[in-house]
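**Student:** Listed here are the chains, written in short residue letters.
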Amino acid sequence: MELVRKAQQGDILAFEQLVFRHDKKVLSIAARYVTSADDAKDIYQEVFLRVYRGLKKFRFKSEFSTWVHRITVNVCLTQRSRRRRTMQTLFLDDRNEEDSEAHGEIRDPAMGPDHQAVNADISSRIEKALGGLSPKQKLVFTLRHYEGYKLNEIAVMMNCAEGTVKRYLFTATRRMRDQLKDAI
Amino acid sequence: MTHDGYRDLLFLSASGDMDADGQAVLERHLQTCLRCRKEYEDLRSFHAALVAHRVGIEPDERLLAEARQELRLALRRERAGHPAWSGWFNPGAIAPLYRYALGAAFTLAVGFLLGRSLFLPSAAQETPRLASPFPAGGVRPEEDETRITNVHFVDHGRGTGEIEFTFDAVTPVRMRGSIDDPKIQKVLTHAMLNEENPGIRLKAVNAINRQGVETQDVETKSALIKAMEMDANVGVRKEALNALRRLPFDGEIKKAMLRALMSDSNPGLRVAAINALDSARTSALGMDSDVLDVLRQKAATDDNNYIRVKARAVILEATRQ
Ligand SMILES: [Zn+2]
Chain A
1 MELVRKAQQG DILAFEQLVF RHDKKVLSIA ARYVTSADDA KDIYQEVFLR VYRGLKKFRF
61 KSEFSTWVHR ITVNVCLTQR SRRRRTMQTL FLDDRNEEDS EAHGEIRDPA MGPDHQAVNA
121 DISSRIEKAL GGLSPKQKLV FTLRHYEGYK LNEIAVMMNC AEGTVKRYLF TATRRMRDQL
181 KDAI
Chain B
1 MTHDGYRDLL FLSASGDMDA DGQAVLERHL QTCLRCRKEY EDLRSFHAAL VAHRVGIEPD
61 ERLLAEARQE LRLALRRERA GHPAWSGWFN PGAIAPLYRY ALGAAFTLAV GFLLGRSLFL
121 PSAAQETPRL ASPFPAGGVR PEEDETRITN VHFVDHGRGT GEIEFTFDAV TPVRMRGSID
181 DPKIQKVLTH AMLNEENPGI RLKAVNAINR QGVETQDVET KSALIKAMEM DANVGVRKEA
241 LNALRRLPFD GEIKKAMLRA LMSDSNPGLR VAAINALDSA RTSALGMDSD VLDVLRQKAA
301 TDDNNYIRVK ARAVILEATR Q
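If you read the sequences in order, they're chains A and B. Residue numbering for the first sequence is 1 to 184, as defined by the working numbering. Residue numbering for the second sequence is 1 to 321, as defined by the working numbering.
Hints may be right or wrong, so weigh each one.
As the list claims (entries may be wrong) - No farther apart than 25 Å at their CA atoms in a straight line, the calculated lysine-lysine pairs in the BS3-like style are these:
#	chain 1	residue 1	chain 2	residue 2
1	A	166	B	226
2	B	38	A	25
3	B	183	A	24
4	B	226	A	6
5	A	6	B	38
6	A	56	A	24
7	A	25	A	181
What the hints assert, rightly or not - Some chain B residues well away from chain A (every beta-carbon gap over 12 Å; in silico):
#	residue
8	20
9	27
10	31
11	42
12	306
Treat the hints as calculated values from the structure; they're not laboratory data. Glycine included, C-beta positions come from ideal geometry on N, C-alpha and C.
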């Protein structure tokens, strides 16, 4: 709170401390959402530039971290729409992704059966299964299970209905279970 | 509710998203339905396993360090007020216009910026003599020392051949003084963190380092720490680390060295950080569990052979005592 106020008054050191305090989560959300490290860094940078520009307008109506995560989700979602225009051949449309079980394998060659057999370690199996989810499913799954947000909070962040969030979570969970059924 | 209708409830309950009413309804069904009870147990153990094997909460350290450094650059551009600075600014392209303007009898409105390198309100107040770089009479400043930016046309000619425009001229200001002078330190630390040009940032750190600042000045120290952790240029980071080694070793410096050792992308800098920690071993805070934890991690995982060996050696040495 104190740091936020200082940063709002233009204290750059305070702003950087704020960044250090929140940026790991931002980067981990971003890194799960996109597949390349460069894209994750782009999202990270865009998020904190928006935080920097919008800081003066932050009115303490929510937790600072919630605000930052909401911006993160927004950036992820708009980033996605930019990427989709250029990567349509690889990314299936959202409307179909729920039904397309083969979709994960298309995007992530590391999910092949050989790799799975070699790598029996559960944590890395989970990591790989996450990699097989669609970006939105991954985002919801991450926010719910790793960041601890409630479904209605995620709906606000993603600017969609709670039912939609539920559907993403259901599908993500079903897929994860299928992928991991012999592991856990 | 149909049997399938309970599937949603099972999901919600297992992931902890169920309210009390829903839970009661579900519990009643579970008492009578073996299939749902089996499914429910599977789901719960699945979620328990997820929690037990939480993956990748912390992002990759190197990625984080890179992201921070890139953000630092972007913020520097943002603060300089030139978000697209590198995109359009080309002094060579503006210079001919500048000469043209000065060579003829045009109306000039000159805005002087105390400088991207010196834009410190307090410094400006303390040194009012810097505020007027152009003596009366409009003597032309050294052309190659003045940078012209933000050219803005007020009037594109009124059929008279005259035009009017404004621009910011940034002229280098010479400051001379002792490195112990807080004013000088302020300018140097500011340049160290905010200059666009890595060469200038390096010189600023150099100046502090070469003179062997004895200062306990908190701002200088924290600026050095920042430069070591965040500068995009490894030369600047290294020089900042060297300057920090001359300061009295304390908790802040220790933490900074640990962070550098953990996450700097450059092995040379990680080596320098481990050496700094090693030579501080005899000090009161030298070798606590924080340091040992990081060293153990480095001994096991650093991809640089020297660092793994060195980390092991320092641990051995420390635990022997
Ligand atoms: Zn049932």
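**Student:** So which of those numbered hints doesn't the model satisfy?
**Tutor:** 1, 2, 3, 5, 7 and 11
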